[in-house]
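Q: In case you want the letters, here they are:
Protein chains: 2
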Amino acid sequence: MDYDHSFFSEKSIRVEPPSISWLMRLALDRPELISLAAGFTDNATLPLDSVKEIADRILSDPKRGQAALQYGTTLGSAELRRATADRLHRLDKDQAVSSNPDPSKTAHTHALNPDQILITQGSQQALYLTLEAITDPGDIMLVEDPTYFVFLGLLQGFGIQTHGIATDTSGIQPWKLEEKLLALEKSGELKRLKALYLVSYAQNPSGRSTTYERKKEALEILKRFESSAGHPIALIEDAAYRELEFDQEQSAPSLLTEPNDRERVFYLGTYTKPFATGMRVGFGHFPALVLDKIFNLKGLNDFGAAKFTQSIVSEAIASGIYDTHTQLLRQRYFEKASAMDEAMKEHAPENLSWEFPSGGLYIWAKLGGGATTGPESELFKRCLEEGILYIPGVYAYCSDLDRTKPDVEMRLSYGAADIPVLQSGIKRLCEAISGLESRSEH
Amino acid sequence: MDYDHSFFSEKSIRVEPPSISWLMRLALDRPELISLAAGFTDNATLPLDSVKEIADRILSDPKRGQAALQYGTTLGSAELRRATADRLHRLDKDQAVSSNPDPSKTAHTHALNPDQILITQGSQQALYLTLEAITDPGDIMLVEDPTYFVFLGLLQGFGIQTHGIATDTSGIQPWKLEEKLLALEKSGELKRLKALYLVSYAQNPSGRSTTYERKKEALEILKRFESSAGHPIALIEDAAYRELEFDQEQSAPSLLTEPNDRERVFYLGTYTKPFATGMRVGFGHFPALVLDKIFNLKGLNDFGAAKFTQSIVSEAIASGIYDTHTQLLRQRYFEKASAMDEAMKEHAPENLSWEFPSGGLYIWAKLGGGATTGPESELFKRCLEEGILYIPGVYAYCSDLDRTKPDVEMRLSYGAADIPVLQSGIKRLCEAISGLESRSEH
Numbered sequence: 524m525d526y527d528h529s530f531f532s533e534k535s536i537r538v539e540p541p542s543i544s545w546l547m548r549l550a551l552d553r554p555e556l557i558s559l560a561a562g563f564t565d566n567a568t569l570p571l572d573s574v575k576e577i578a579d580r581i582l583s584d585p586k587r588g589q590a591a592l593q594y595g596t597t598l599g600s601a602e603l604r605r606a607t608a609d610r611l612h613r614l615d616k617d618q619a620v621s622s623n624p625d626p627s628k629t630a631h632t633h634a635l636n637p638d639q640i641l642i643t644q645g646s647q648q649a650l651y652l653t654l655e656a657i658t659d660p661g662d663i664m665l666v667e668d669p670t671y672f673v674f675l676g677l678l679q680g681f682g683i684q685t686h687g688i689a690t691d692t693s694g695i696q697p698w699k700l701e702e703k704l705l706a707l708e709k710s711g712e713l714k715r716l717k718a719l720y721l722v723s724y725a726q727n728p729s730g731r732s733t734t735y736e737r738k739k740e741a742l743e744i745l746k747r748f749e750s751s752a753g754h755p756i757a758l759i760e761d762a763a764y765r766e767l768e769f770d771q772e773q774s775a776p777s778l779l780t781e782p783n784d785r786e787r788v789f790y791l792g793t794y795t796k797p798f799a800t801g802m803r804v805g806f807g808h809f810p811a812l813v814l815d816k817i818f819n820l821k822g823l824n825d826f827g828a829a830k831f832t833q834s835i836v837s838e839a840i841a842s843g844i845y846d847t848h849t850q851l852l853r854q855r856y857f858e859k860a861s862a863m864d865e866a867m868k869e870h871a872p873e874n875l876s877w878e879f880p881s882g883g884l885y886i887w888a889k890l891g892g893g894a895t896t897g898p899e900s901e902l903f904k905r906c907l908e909e910g911i912l913y914i915p916g917v918y919a920y921c922s923d924l925d926r927t928k929p930d931v932e933m934r935l936s937y938g939a940a941d942i943p944v945l946q947s948g949i950k951r952l953c954e955a956i957s958g959l960e961s962r963s964e965h
Numbered sequence: 524m525d526y527d528h529s530f531f532s533e534k535s536i537r538v539e540p541p542s543i544s545w546l547m548r549l550a551l552d553r554p555e556l557i558s559l560a561a562g563f564t565d566n567a568t569l570p571l572d573s574v575k576e577i578a579d580r581i582l583s584d585p586k587r588g589q590a591a592l593q594y595g596t597t598l599g600s601a602e603l604r605r606a607t608a609d610r611l612h613r614l615d616k617d618q619a620v621s622s623n624p625d626p627s628k629t630a631h632t633h634a635l636n637p638d639q640i641l642i643t644q645g646s647q648q649a650l651y652l653t654l655e656a657i658t659d660p661g662d663i664m665l666v667e668d669p670t671y672f673v674f675l676g677l678l679q680g681f682g683i684q685t686h687g688i689a690t691d692t693s694g695i696q697p698w699k700l701e702e703k704l705l706a707l708e709k710s711g712e713l714k715r716l717k718a719l720y721l722v723s724y725a726q727n728p729s730g731r732s733t734t735y736e737r738k739k740e741a742l743e744i745l746k747r748f749e750s751s752a753g754h755p756i757a758l759i760e761d762a763a764y765r766e767l768e769f770d771q772e773q774s775a776p777s778l779l780t781e782p783n784d785r786e787r788v789f790y791l792g793t794y795t796k797p798f799a800t801g802m803r804v805g806f807g808h809f810p811a812l813v814l815d816k817i818f819n820l821k822g823l824n825d826f827g828a829a830k831f832t833q834s835i836v837s838e839a840i841a842s843g844i845y846d847t848h849t850q851l852l853r854q855r856y857f858e859k860a861s862a863m864d865e866a867m868k869e870h871a872p873e874n875l876s877w878e879f880p881s882g883g884l885y886i887w888a889k890l891g892g893g894a895t896t897g898p899e900s901e902l903f904k905r906c907l908e909e910g911i912l913y914i915p916g917v918y919a920y921c922s923d924l925d926r927t928k929p930d931v932e933m934r935l936s937y938g939a940a941d942i943p944v945l946q947s948g949i950k951r952l953c954e955a956i957s958g959l960e961s962r963s964e965h
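Those protein sequence lines, which keep their order, are chains A and B.
Reading the first sequence from the start, the letters are residues 524 to 965 in our numbering.
Reading the second sequence from the start, the letters are residues 524 to 965 in our numbering.
If you are wondering where the hints come from, they were derived from the structure by calculation, not from laboratory data.
Hints are not guaranteed to be accurate.
Copies of one chain are not kept apart here, so a pair can be met inside one copy or by any two copies together.
Unchecked claim - No more than 25 Å apart at the CA atoms, straight line, and that leaves these computed lysine to any residue pairs for SDA-like: (1) Lys616 / Asp846; (2) Lys586 / Arg553; (3) Lys534 / Gln639; (4) Lys534 / Asp815; (5) Lys739 / Met524.
Chain A with its partners taken away, still in its complex shape:
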């Protein structure tokens, strides 16, 4: 007798392989492809010596070493949760001060509570636990247009309906959010709406950051629709790329700034991307009344993150090594983004447009003139022939019956590849685009 639908769970039947898994296989099968697609981080700057030094320091001290190699707790290391609360507090305060010259308006009058922070297996697990805690199949979630495509896979797996809200260089457009909420209210669907998901810093894939004003306005709009929804509508602030914004001084404060807002905000972060991706240490700061649910689910899932990697991250933060490294990484990614940007300026035909990213690992480019970029497009095929892979923009748009998915963008990653490889990749990509044009002229 074979395994079939009568054996598996509804969820596992719903869950599909990642939309780009065929692309990942392709890259594995043809390693000669210059991948502008991968979300991997820079290899050359991985902190081998620092981690060695830290591991040595921890394991040479019997007390600390034993604590690092013993079971931890479900919530995560108290030391790391305290450090995270302090760090977020400081980040918001610094940023509030630098963007607001009036010291009386300094943010975070109240410190953050470490007991509202839960350490996770990367920020991905914080997203998973969030959906486990607040959604049932058929619920609704709002996301940005475009958004983090892995999250769209999660939503699909959880059976959640999605709507995309338009964005611009300042982030989500609050008037579009309001429009959508009114429509949901009118159609009677508002009660199924659980949250709005924003990747608020150096967004994957657009590279844009959301201003504090826009986030705050979005939150206030959500609050206005609560009574009509019959329950709170959460704002999930995914800050995974926060510490990879190039200009930390101009970075916006988070929505944790005002204590009252914290009861509506799920703030997710990671120590992975800006330090050592092989560690997988993320976290979430959750509303107090939600934390219990997340905590119980985390207990079932794995009863707590690995103590060893948490200890390493804690020591990296305490010793200052973490800050030094994130600074180095920002510099490195800025150089790589600049190199990619320069190469694009040199080779791009007129119908290719893009913005310099505010941080992160990606340049988001848009093709004008009618050609598409999707996996079945002429351009994608030509690129493959030329040994180039990118992530088609269409994957970053949720299924939303109110619009068709734009199919004219590309996510170009400067994360993993070295500069000469990036330059050559961009040159060939641009040639492929120009080739399309000249053909269409015939």
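Assemble the complex: chain A is given as a structure, and chain B must be docked to it using the hints.
A: Frame of chain A; chain B shown alone:
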């Protein structure tokens, strides 16, 4: 507006805090309590120097170091999956040979396929993903009487109905399993039955191991009911304590031994407990047709275990450090089990009975003469007054309307505490039991 049931998911409303969370809080609030309750592992033998040496070795080699600190894949490190396949193969072969003098019947004619192995965040996550993949609320699962109480919390969270199957010193009683299957068939519930869960080596809490014959018979019985169920009925073999069985030479082969059986067996293991619990590296070997589902769910959950801890475990295995350490640990736990056993022999009143465990971290003791051991019992309260905590046996029994939960047992842990502490704890526990008796004589 407050968060309430209209906001949360059905699952998160179902999930309860761990049954023993009040007990864990008690132990935290009163650190003077000699805890025979904790599932923590031995601190003194945690491999600080070995992990330091391994981390140093990996991080001093740029290529290996970069691979260890970069993202991994969802399935887990290829090196560790290969090592796991080899290791399981060898364990089964060794054990099949030692328990079966006929070399022509040597087990594992076919090697295991590393691509059916997925690395998880401890074996707990393998359990979680298994339930995610194969159960919906209302499904049925069979467990041993008694069973691993954390798994019962999982089942409750997933909304799964449970039935307990009686066990004896050889493990599950197949005739009881058959009886239950017939009853489920008769009541028309068989189609909701998804799996039987066995903790087959040095079971938590009983300390007993299941013989190969019993496991095999259980599997054959499940197969006979498949057509009536309308789908396969899986056997989940939780082998978390396998490498902590004291006598590895007498250890039973696993159900992965025969290639045909592998399509019905979910085999779960861990590198955590027998090495360094702070690492949280577990794994599952899944039927080929199930692996895809588990893989997709793992992708959503955290897209893969931390590469760094996987690299450390891989190197520990490859270098032989892992084997040396598990041997040391087995010796250590055997000494502690023996010390606890001796103390019990010295102090126990006649109405306390127990077996010497086949391995693991626990002695399972049974109280005769009518007194109970539950959290509201006289004994539990007296123990608290005496500064002793144990896990009441009642927690290790699933909800099963066909019987009442036995309430006369205790799980006594020798995992974390040092020998003098164990001795003093057992003495006081036995005094508390004797105190009950003398009072009931009045």
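Q: Work down the list of hints and note, for each, if the structure agrees.
A: Taking the hints in turn, this is what the structure says about them:
| no. | hint | verdict |
| --- | --- | --- |
| 1 | Lys616 / Asp846 | within (17 Å within a copy, 50 Å between copies) |
| 2 | Lys586 / Arg553 | between (48 Å within a copy, 21 Å between copies) |
| 3 | Lys534 / Gln639 | between (29 Å within a copy, 21 Å between copies) |
| 4 | Lys534 / Asp815 | both (23 Å within a copy, 13 Å between copies) |
| 5 | Lys739 / Met524 | between (56 Å within a copy, 18 Å between copies) |
No hint from the list above goes unmet by this structure.
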